[in-house]
Amino acid sequence: MSATTMTLNQPLKNDRRGAIMVIGVFFACMMIGWMWMLVGLGDAMIWRDRSQEAADAVTYSSAALQAQAMNLISFINILMLIMAAFYLLTAFIFNILDFLHWILGSTTDKACFPPPGDSSADSRSKKMQALSSIPIMAWLKPLASVWTKLAAGVEKIHDGSTNGTPSTLSVGGILDKYESGMIFLMPKFSDFEDLVSYAAPWGGTVAGIYMSQQYADYGQKRIGLALSASLIPATFTPGQAGSLMPTAQYKACANDECTQFLNCDSANPSSCQQYTGGDKREGLPVQIPNGGFKALCDYIGAKISSVVKNAFQGLGIPFLGTIMGWLMSFIGNQFSSNFCTQNAKGFFTGPEVADVFLRFTTAWTPPFGGHNNNEKCPKNDWGQGGGGATGGPKPCNGVYQMKLGNGKQFWQDPVDAGGPHLVVDYAMNGNDWFQVWGGVWGGNRDSSQAYSVQHEDKLVAVAGMQSNPGGTWNAGLIPQDTLSKWDFYLAQAEFYYDCDQAWSGSNCNSSSNASYNIGWRARLRRMHGLSWGQDLLGYMWNGSLGPNSGLQTRYQQFFKNKFGNGMASKLGSTITSAGLTWLVGQGASFIGGAINPASSVPDFIH
Amino acid sequence: MSRHKEGLLRARRGAVLAEFAIAFMPICAMFLCLAQLSRYSIARLAVLHAAQVTVRACAVIHDPDPGHSDSLDGPDGDINRAADVAMGPFEGSQWMGEIKHSTPVCNHDGSNDATNHGNGGTDKVTLDATYTCGIPIANTIVCGASKQKTISVFAQFPHQGAQYIPKSQ
Numbered sequence: 001m002s003a004t005t006m007t008l009n010q011p012l013k014n015d016r017r018g019a020i021m022v023i024g025v026f027f028a029c030m031m032i033g034w035m036w037m038l039v040g041l042g043d044a045m046i047w048r049d050r051s052q053e054a055a056d057a058v059t060y061s062s063a064a065l066q067a068q069a070m071n072l073i074s075f076i077n078i079l080m081l082i083m084a085a086f087y088l089l090t091a092f093i094f095n096i097l098d099f100l101h102w103i104l105g106s107t108t109d110k111a112c113f114p115p116p117g118d119s120s121a122d123s124r125s126k127k128m129q130a131l132s133s134i135p136i137m138a139w140l141k142p143l144a145s146v147w148t149k150l151a152a153g154v155e156k157i158h159d160g161s162t163n164g165t166p167s168t169l170s171v172g173g174i175l176d177k178y179e180s181g182m183i184f185l186m187p188k189f190s191d192f193e194d195l196v197s198y199a200a201p202w203g204g205t206v207a208g209i210y211m212s213q214q215y216a217d218y219g220q221k222r223i224g225l226a227l228s229a230s231l232i233p234a235t236f237t238p239g240q241a242g243s244l245m246p247t248a249q250y251k252a253c254a255n256d257e258c259t260q261f262l263n264c265d266s267a268n269p270s271s272c273q274q275y276t277g278g279d280k281r282e283g284l285p286v287q288i289p290n291g292g293f294k295a296l297c298d299y300i301g302a303k304i305s306s307v308v309k310n311a312f313q314g315l316g317i318p319f320l321g322t323i324m325g326w327l328m329s330f331i332g333n334q335f336s337s338n339f340c341t342q343n344a345k346g347f348f349t350g351p352e353v354a355d356v357f358l359r360f361t362t363a364w365t366p367p368f369g370g371h372n373n374n375e376k377c378p379k380n381d382w383g384q385g386g387g388g389a390t391g392g393p394k395p396c397n398g399v400y401q402m403k404l405g406n407g408k409q410f411w412q413d414p415v416d417a418g419g420p421h422l423v424v425d426y427a428m429n430g431n432d433w434f435q436v437w438g439g440v441w442g443g444n445r446d447s448s449q450a451y452s453v454q455h456e457d458k459l460v461a462v463a464g465m466q467s468n469p470g471g472t473w474n475a476g477l478i479p480q481d482t483l484s485k486w487d488f489y490l491a492q493a494e495f496y497y498d499c500d501q502a503w504s505g506s507n508c509n510s511s512s513n514a515s516y517n518i519g520w521r522a523r524l525r526r527m528h529g530l531s532w533g534q535d536l537l538g539y540m541w542n543g544s545l546g547p548n549s550g551l552q553t554r555y556q557q558f559f560k561n562k563f564g565n566g567m568a569s570k571l572g573s574t575i576t577s578a579g580l581t582w583l584v585g586q587g588a589s590f591i592g593g594a595i596n597p598a599s600s601v602p603d604f605i606h
Numbered sequence: 001m002s003r004h005k006e007g008l009l010r011a012r013r014g015a016v017l018a019e020f021a022i023a024f025m026p027i028c029a030m031f032l033c034l035a036q037l038s039r040y041s042i043a044r045l046a047v048l049h050a051a052q053v054t055v056r057a058c059a060v061i062h063d064p065d066p067g068h069s070d071s072l073d074g075p076d077g078d079i080n081r082a083a084d085v086a087m088g089p090f091e092g093s094q095w096m097g098e099i100k101h102s103t104p105v106c107n108h109d110g111s112n113d114a115t116n117h118g119n120g121g122t123d124k125v126t127l128d129a130t131y132t133c134g135i136p137i138a139n140t141i142v143c144g145a146s147k148q149k150t151i152s153v154f155a156q157f158p159h160q161g162a163q164y165i166p167k168s169q
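If you read the sequences in order, they're chains A and B.
Going by our numbering, the first sequence opens with residue 1, and the numbers climb by one from there.
Going by our numbering, the second sequence opens with residue 1, and the numbers climb by one from there.
Okay, the calculated beta carbon distance ranges per label pair: (1) ARG17(A) to GLN148(B): 36 to 44 Å; (2) ILE317(A) to PHE154(B): 53 to 61 Å; (3) SER152(B) to PHE75(A): 44 to 52 Å; (4) ILE137(B) to VAL25(A): 20 to 28 Å; (5) PRO318(A) to VAL105(B): 45 to 53 Å; (6) ILE141(B) to ASP15(A): 29 to 37 Å; (7) ALA145(B) to PHE488(A): 43 to 51 Å; (8) VAL105(B) to TRP582(A): 55 to 63 Å; (9) ILE141(B) to ARG17(A): 24 to 32 Å; (10) ILE223(A) to GLU19(B): 54 to 62 Å; (11) ILE137(B) to VAL22(A): 16 to 24 Å.
No wet-lab data here; the hints were simulated from the structure.
The beta-carbon is built from N, C-alpha and C at its ideal position, and this holds for glycine as well.
Could you put together the complete structure from these sequences and hints?
Pasting the structure below:
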């Protein structure tokens, strides 16, 4: 009998072999269990960290893209600003030259009679010469002697002495070409800003979706989405208030609704406020201001005023900076209104100054000469009839009233011409208009598979807290089962104008530096639950668009319109007014309280 | 050689017991040590995860947070809370109740930006925890006579600041 046969035939109870192995197997199983748990915990932590990273990436991508878009808009605004500044400078120089040219006369508009061959400048010089023979007017003699030379010099700079369309090398010629370029380029810039402001938020969402796809674990891709208030524009017609969001559009006296009781009636027209507001936001929280391109001139004036004020304040002389600031502000406003409006005529608009001076220096007689004056203003004075006529040059007052190719106005026409895109007033750093909320789901193995992170992830915590006023932390930890609720990860980011002062300060307000500086950035923020009641419905109800812009006003005006006139005829307007105001106020409070609860999704640490 | 000695050498009875007595103790000790090391590794993983959660909280909520009425714990309290919550399941667990973390230290490196609140630089968190080895025999072998090990982990995250000042300030 072989040894093997003997072994097999031994009774099991007497077999001592393998006793250690039993213990070894037990230990090994235990160790495998430990290791399995260790691996599982590591996987769960990595999965959660990766999920949070994915949510951050999704959200931040959208916010960053929108910040870049805001920077792009600011950059284009700066380009517009430079163009407007050059225009203002050129227009002002031309305005002065035009005024001088008007007074001095032309040297190229020689006429055959009377006197033969005299230009308007010659004629005025001779009249002045004659006038200087009077003893008290003798001081005019030296002026008369250089008059023609002065006129020739001014004329050369003014229009190149062409006695016709200004030459290219003259100020008038430069202004001519420059205005053509402005009316071509700047509306195109505005259109491009429209495109950016509408497309960027959606581009951010697409970027977020793409980023979420890059975070795949266990072969499973994550699905992510970034949402922001900027995705929904308030208007689809740039420059014009949209009707998607609540807007009080009937506050103008001409509107039928405005003639209703308590709104605005013919007996008391001052009770009707002219309200042309409404939300003109185009996706991103920017809009074309009512003044269109005039806003550029306004900003230049304000900026120069601010710089001068600061410079003089630095001298330490009391009130000097403030006074200079006011002065520069006044001058800035004058520049804006005289060169950047639909009716702009430049300075020295009235004939009074020039005419008085002209008549004085020519002995109160009409200036002769210059009968063949064929001068044309730059851009042919936009059809204003300026230029030259019998008797010398005429002012080119219409040269600042630019028009588009289709004849519509360039200045103050936000719908047809466009304008710089400025941050809307109600969007401020930190508020919901600059926020992006994002979330990801997935990346975990299918629950049907044995190995997925949900086995150990109950040990990997998610922090949450209530965000009621005076919020408190949740007493316990939020359940961690990824198969139930916490498979969804959230993050919040914002784009903001990185201003080093308080946002309410003059240097950081919406239509000022924030719209003209490339200082927009993005950052992750603590996740605040979106307060639907406070933010979204509050926007609808209270109206974040300025006074009387929300549904609340509509509701109040509906009741007043519906019952006001009838009640007033029976109870009298005083009682009706007081009664209705109280009633609708109570109703508004009730409705406002009902849809505006102080509740929100809990905030999160992660 | 005497017959008695020859009999002892040939005897097979008790061999397994001797073998067991000799082999079991080291094997058992090794097993306990591995178990202790596993638990220590889990604790270290937990602290690392908590540090990562904390440093993100530090980066995100440390700076001004305008637009939000923050009547909660306040930035520092919330950063500490992040660590508490992340460590909660482990510190509150019966079988893993051997670890206690200290208050995390959140540092912002503002050298990359002009102000201490700007969006730049890196936030760093050092989170220390004391792990008490609880498995008999192995606790002394793995953790020494004090039966405790200090876990110190480090995590960093880009600072998410902003220069602008909230209205309230």
